[in-house]
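Peer 1: Sequence:
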Amino acid sequence: MPELPEVETVVRTLAPRLCGSVIARIATTASRVFRGRQKEIEAALAGKRILEVRRHGKNILIELGTRLLRIHLGMTGKLLFDPVNATHPRATLHLRNSQARVLVFDDPRHFGRFELIEDVSALALGPDPLEISPSEFTQALHARRGPVKSLLLNQAFLRGMGNIYTDESLFQARIHPLTPACAVPPEKAKALHEAMRRVLLEAIEQGGSSISDYVDAEGREGAFQSQHRVYGREGKPCSRCGEVIRRIVVGQRGTHYCERCQPAPRGIRSPVAGAK
DNA sequence: TGGAATGTTCGGCT
DNA sequence: AAGCCGAACATTCC
Numbered sequence: 002m003p004e005l006p007e008v009e010t011v012v013r014t015l016a017p018r019l020c021g022s023v024i025a026r027i028a029t030t031a032s033r034v035f036r037g038r039q040k041e042i043e044a045a046l047a048g049k050r051i052l053e054v055r056r057h058g059k060n061i062l063i064e065l066g067t068r069l070l071r072i073h074l075g076m077t078g079k080l081l082f083d084p085v086n087a088t089h090p091r092a093t094l095h096l097r098n099s100q101a102r103v104l105v106f107d108d109p110r111h112f113g114r115f116e117l118i119e120d121v122s123a124l125a126l127g128p129d130p131l132e133i134s135p136s137e138f139t140q141a142l143h144a145r146r147g148p149v150k151s152l153l154l155n156q157a158f159l160r161g162m163g164n165i166y167t168d169e170s171l172f173q174a175r176i177h178p179l180t181p182a183c184a185v186p187p188e189k190a191k192a193l194h195e196a197m198r199r200v201l202l203e204a205i206e207q208g209g210s211s212i213s214d215y216v217d218a219e220g221r222e223g224a225f226q227s228q229h230r231v232y233g234r235e236g237k238p239c240s241r242c243g244e245v246i247r248r249i250v251v252g253q254r255g256t257h258y259c260e261r262c263q264p265a266p267r268g269i270r271s272p273v274a275g276a277k
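First residue of the first sequence? That's 2 in the numbering used here, and the numbers climb one at a time after it.
In short, the hints are calculated from the structure, not lab data.
Hints should not be assumed to be uniformly reliable.
[Stated by the list, open to error] Label pairs and their in silico Cβ distance ranges:
# : residue 1 : residue 2 : range
1 : Met76     : Ser240    : 25 to 33 Å
2 : Gln140    : Pro272    : 44 to 52 Å
3 : Gly37     : Ser240    : 39 to 47 Å
4 : Asn155    : Pro84     : 20 to 28 Å
5 : Ile269    : Val23     : 53 to 61 Å
[Unchecked claim] Here are the simulated DSSO-like cross-link-like pairs (lysine-lysine), alpha carbons at most 30 Å apart as the crow flies:
#  : residue 1 : residue 2
6  : Lys237    : Lys191
7  : Lys40     : Lys59
8  : Lys237    : Lys189
9  : Lys191    : Lys59
10 : Lys49     : Lys59
Even for Gly, the Cβ is constructed at its ideal location relative to N, Cα and C.
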């Protein structure tokens with residue numbers, strides 16, 4: 002579910018209801034959700050006032066004054082004010098002084114995590130794609146040799162890009178996903194920087210992409226999935242040139258692109274269907 | 001039934 | 001020695 006635009010949307014729905022309220026306690030049905038010692042985290046949360054809710058990459062940070070509660074939604078995690086909508090509740094924050102009585106963490110696949118940290122520096126993430134400058138981005142890109150697709154997904158390189166918005170941005174910038182990062186021409190690097198901004202900002206405006214069951218904390222779906230040009234469109238015609246959208250695997254992730262709009266650079270052979 | 005799914009982490013190799 | 005790659009994590013859906 003959650004890439005930068007979805008997490009940003011969730012944070013925007015959380016903040017007005019959570020800020021200023023007090024966590025009475027956290028109740029847990031799956032201790033796996035905690036990174037760190039469960040007892041310690043439970044004790045540290047009880048009675049704390051929430052001062053601020055913000056996003057750091059794909060992480061939701063809940064400012065408790067002395068420490069931060071970091072929530073990562075993983076692949077299928079949702080935070081819901083209405084517990085009735087939770088199919089696989091893993092943890093429940095009971096709140097005081099809030100419009101909401103509870104906030105439920107619903108997460109079928111158990112990939113999400115709650116963790117206490119002192120500072121965001123502990124997460125060691127790269128710059129936000131909406132904050133990095135074009136020249137910084139180009140410079141960083143040219144220092145790396147792996148496929149540009151994999152690099153954009155690397156949170157230590159850039160924080161917040163996920164599979165959907167990476168594929169969409171590479172399409173917009175007309176860059177083949179297997180292009181070595183250092184081989185992306187400077188003008189295309191600039192185009193990629195612009196494409197990420199455009200795609201991410203538009204997706205935030207649309208409340209994110211609801212491709213399986215993503216909803217924000219109020220249970221509302223996003224609308225950006227209707228704007229996808231390549232992600233999830235394998236076999237369908239390219240909206241720009243009519244060529245069939247292809248799907249390959251790059252770094253173990255499904256990767257969608259248009260072979261005509263995003264031609265393979267010299268020396269890169271796109272995997273052919275049926276090849277071994 | 002096998003494969004794929006919005007993601008991260010860890011171990012091993014170079 | 002950083003960077004890169006693949007396996008693993010758990011569940012649902014088609």
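Peer 1: Could you run down the list of hints and mark each one as holding or not?
Peer 2: A quick look at each hint next to the structure:
1. Met76 <-> Ser240: 25 to 33 Å: Roughly 27 Å apart at Cβ, these two residues keep to the hinted range, so it holds.
2. Gln140 <-> Pro272: 44 to 52 Å: Given a distance of about 30 Å, which is not inside 44 to 52 Å, the answer is violated.
3. Gly37 <-> Ser240: 39 to 47 Å: holds (46 Å)
4. Asn155 <-> Pro84: 20 to 28 Å: violated (35 Å)
5. Ile269 <-> Val23: 53 to 61 Å: Holds, at about 55 Å.
6. Lys237 <-> Lys191: holds (28 Å)
7. Lys40 <-> Lys59: Holds - the C-alpha atoms of lysine 59 and lysine 40 are around 25 Å apart, at most 30 Å.
8. Lys237 <-> Lys189: holds (25 Å)
9. Lys191 <-> Lys59: holds (23 Å)
10. Lys49 <-> Lys59: Since the Cα atoms of lysine 49 and lysine 59 sit roughly 23 Å apart, the hinted pair holds (cutoff 30 Å).
The structure fails hints 2, 4 (numbered hints given earlier, in ascending order).
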